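S.K.: Take a look at the letters that make up each chain.
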Amino acid sequence: MKKNIISKEQFTNFMRHPYFRLLVIVIALLIVWIFFGFFTNGLFFSPRNLSNLMRQMTIISFLAMGMTFVIVLGHIDISVGSVAGLTSMIAACCQAIWLPPILGNLFQGLSVDSLGTISTIITVIITMLTGGLIGLIQGIIISYGSVSAFVVTLGGLYAWRGVILLTSNSRTVTPIEDSLRLIAQGYLTNILGWFIAVLFIILIVINMFRKRNQYNLLGFTNNPLGIDIIITLLPILGVISFVIIMNSYRGTANPVLLMLIVGVLLSFVLNSTTFGRYVYAIGGNREAASLTGINIKKVELKVFILMGLMCGISGIVLTGYVAAGTVAGGFMFELMAIASCFIGGVSHGGGEGTLVGAMIGCLFMTSLDNGMSVMNLEVYWQYLVKGAVLVIAVYWDMQSRKRF
Amino acid sequence: MKERWKMVTTKNYVPVIQMKGIYKYFGGVHAIEDVNLSLYEGEVLAIVGDNGAGKSTLIKILSGVYIADKGEIFHKGKKVKINSTIDSRDLGIETMYQNLALADNMNLFNNIFLGREIRKKGFLGKLGVINSLLMVRKGLDLIDRFNIKIPDPDKKVRFLSGGQRQIVATCRAIYFKAKIIIMDEPTASLGVAETKRVYEFIRNLKKQNISIILISHNINEVYDISDRIMVLKTGRQVGVREREKTTIDEIIHMIISGKDK
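As you go down the protein sequences, you meet chains A and B in turn. All letters in the first sequence, in the order written, are residues 1 to 404 by the working numbering. All letters in the second sequence, in the order written, are residues 405 to 665 by the working numbering.
Careful, some of the hints might be misleading.
What the hints assert, rightly or not - Far from chain B, some chain A residues (derived; all Cβ distances over 10 Å):
hint : residue
1    : 50
2    : 93
3    : 157
4    : 187
5    : 202
6    : 227
7    : 261
What the hints assert, rightly or not - Covered by chain A, according to a simulated footprint, are these stretches of chain B (three or more residues, beta-carbon under 8 Å):
hint : segment
8    : 481–492
9    : 538–544
10   : 612–624
11   : 629–638
Keep in mind the hints are simulated off the structure, nothing from the lab. The model shown is predicted, which means the values in this text are computed figures rather than measured ones. Where is the CB? At the ideal position from N, CA and C, for every residue including glycine.
When you get a sec, could you build the whole thing from the sequences and use the hints?
M.R.: Here it is, written out as structure tokens:
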């Protein structure tokens with residue numbers, strides 16, 4: 001009798017497995033990269049460009065992380081572009097207009113450099129508070145006012161853009177302190193880059209063995225060790241090649257490190273805390289969640305505050321990156337963030353999705369952006385392609401979920 | 405041994421739950437009008453009636469989803485107020501809903517403990533960090549009673565069969581040591597074998613002196629298992645019968661005519 005290598009059930013289990021979804025996105029990403037590499041005569045793969053790509057990605061990635069919570073919860077937030085623009089403008093105004101006279105009077109003896117550092121610290125705090133406050137306002141209207149998130153954030157999309165124009169008098173705001181620019185433009189030393197890479201690799205390996213060990217303890221069947229090793233090896237290889245490439249340019253960019261730290265933290269929150277569980281539960285079955293006594297309104301409010309805080313981080317990095325507060329800052333970021341989530345396998349109906357997926361989706365969207373710019377494609381092509389990719393991604397997601 | 409609910413009716417025993425003169429309006433609609441319900445320790449009370457009879461509304465008042473507009477609720481003779489699902493649960497009332505109230509996108513362990521996750525000890529636990537290993541372990545202990553196999557702990561509830569889903573919902577009630585379990589159409593989505601298993605399980609609960617309220621629109625489904633049967637029609641109470649002193653025909657007549665002979 002002929003024996004199949006894997007049974008039908010194993011096959012569907014594999015197709016349903018989150019790793020498989022990630023793998024598909026990663027393969028699609030690699031295809032797109034090879035395409036760009038080919039049509040730009042390898043320019044796309046130059047360390048300089050890849051380094052830029054990663055840095056470009058970070059600004060959107062913070063929004064995509066917050067957006068993952070929002071979409072898994074079953075909502076949407078289309079105001080994040082304007083909110084990130086506003087927080088960016090607030091940061092610029094703090095640095096260029098509001099703080100210098102106050103700090104100058106308070107600390108008269110200090111050098112320009114240390115004044116700049118103090119200014120940056122205060123700026124970061126104020127910007128984060130602004131983001132959180134905006135999230136709080138929108139969140140209260142959505143959860144306790146029972147207005148749909150789409151409507152509230154559509155209003156926010158316009159209103160916060162208005163506030164940007166108001167605070168800046170429709171002008172570009174400069175200068176930005178060096179210390180703030182360092183957050184977005186600085187690089188880690190090569191050794192520090194390797195150190196963090198090793199930390200990551202250890203984390204990944206420990207995670208794998210912990211899971212295997214738990215399965216053994218509880219009497220579940222583990223994957224064959226070989227498969228687990230392959231699954232683990234892929235991200236490790238990714239990390240190593242990433243550091244090699246980045247170090248051959250100037251090193252890992254500071255915002256990339258920030259992105260990784262925030263990403264790991266939020267991933268932990270989403271997977272291993274009651275808050276994260278409730279986000280999934282509410283997104284999966286709102287009624288069931290409420291019947292089990294989960295305070296839905298509170299969870300919703302928290303998610304929107306988190307989204308606001310992520311807009312704050314994004315705004316800070318944006319200001320540091322552009323080295324100015326611009327009126328158009330954050331324009332269309334909401335679509336990039338939402339598209340990142342959808343491409344990364346976050347289900348638009350809520351209840352499904354991972355932070356890692358959203359991050360890879362974000363890398364995908366940024367790669368499209370970057371690659372097409374390097375190819376010197378017309379802007380209309382760029383919009384067209386990005387729109388089409390989004391729809392195709394969601395279509396594929398729907399189809400594969402239906403079947404498996 | 406004589407079953408306790410029988411001694412009750414003769415000896416004025418105190419019911420575990422008593423609802424007196426309950427009214428509930430939705431706008432101008434009288435969903436529940438002057439319904440009285442008593443539930444004794446270790447008995448199975450079936451509430452039957454057509455669609456729209458007010459069965460679900462009545463139990464939702466008991467489980468804290470709705471708040472009664474008028475009427476009193478007594479728990480072991482003591483007057484209580486049930487203003488939320490948490491109040492209800494604190495009295496030891498667990499409800500298993502018709503749609504089973506499971507989050508389809510999560511695995512069964514998360515579902516069993518949903519809303520009451522086991523947290524890590526100490527500071528991390530206060531921050532809400534979950535002890536998932538312990539949750540899976542306790543979940544497995546519960547599931548073992550039902551003789552089913554869970555091959556993959558990460559399997560989402562969506563991919564489980566109707567019977568397995570029922571078991572998940574049941575585990576929830578058992579784990580939290582419910583004294584009163586309300587089941588809304590527990591066998592509606594089940595096959596014959598699975599229905600039998602649920603009946604077995606209900607008898608098992610009875611032995612542990614747990615009281616059960618069964619909701620059904622089909623008397624045939626619950627007749628055999630129930631001790632007393634309460635009939636509702638358009639929000640009014642038609643009557644209560646002891647199973648041994650009635651027939652299915654009589655109950656059906658009550659459901660249709662809405663009259664207590």
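S.K.: Against each hint, give a clear statement of whether it holds in the structure.
M.R.: Checked hints:
no., hint, in the structure
1, 50, "holds (34 Å)"
2, 93, "holds (34 Å)"
3, 157, "holds (29 Å)"
4, 187, "holds (33 Å)"
5, 202, "holds (21 Å)"
6, 227, "holds (14 Å)"
7, 261, "holds (18 Å)"
8, 481–492, "holds (count 3)"
9, 538–544, "holds (count 3)"
10, 612–624, "violated (count 0)"
11, 629–638, "violated (count 0)"
In this structure, the hints that do not hold are numbers 10, 11, in rising order.
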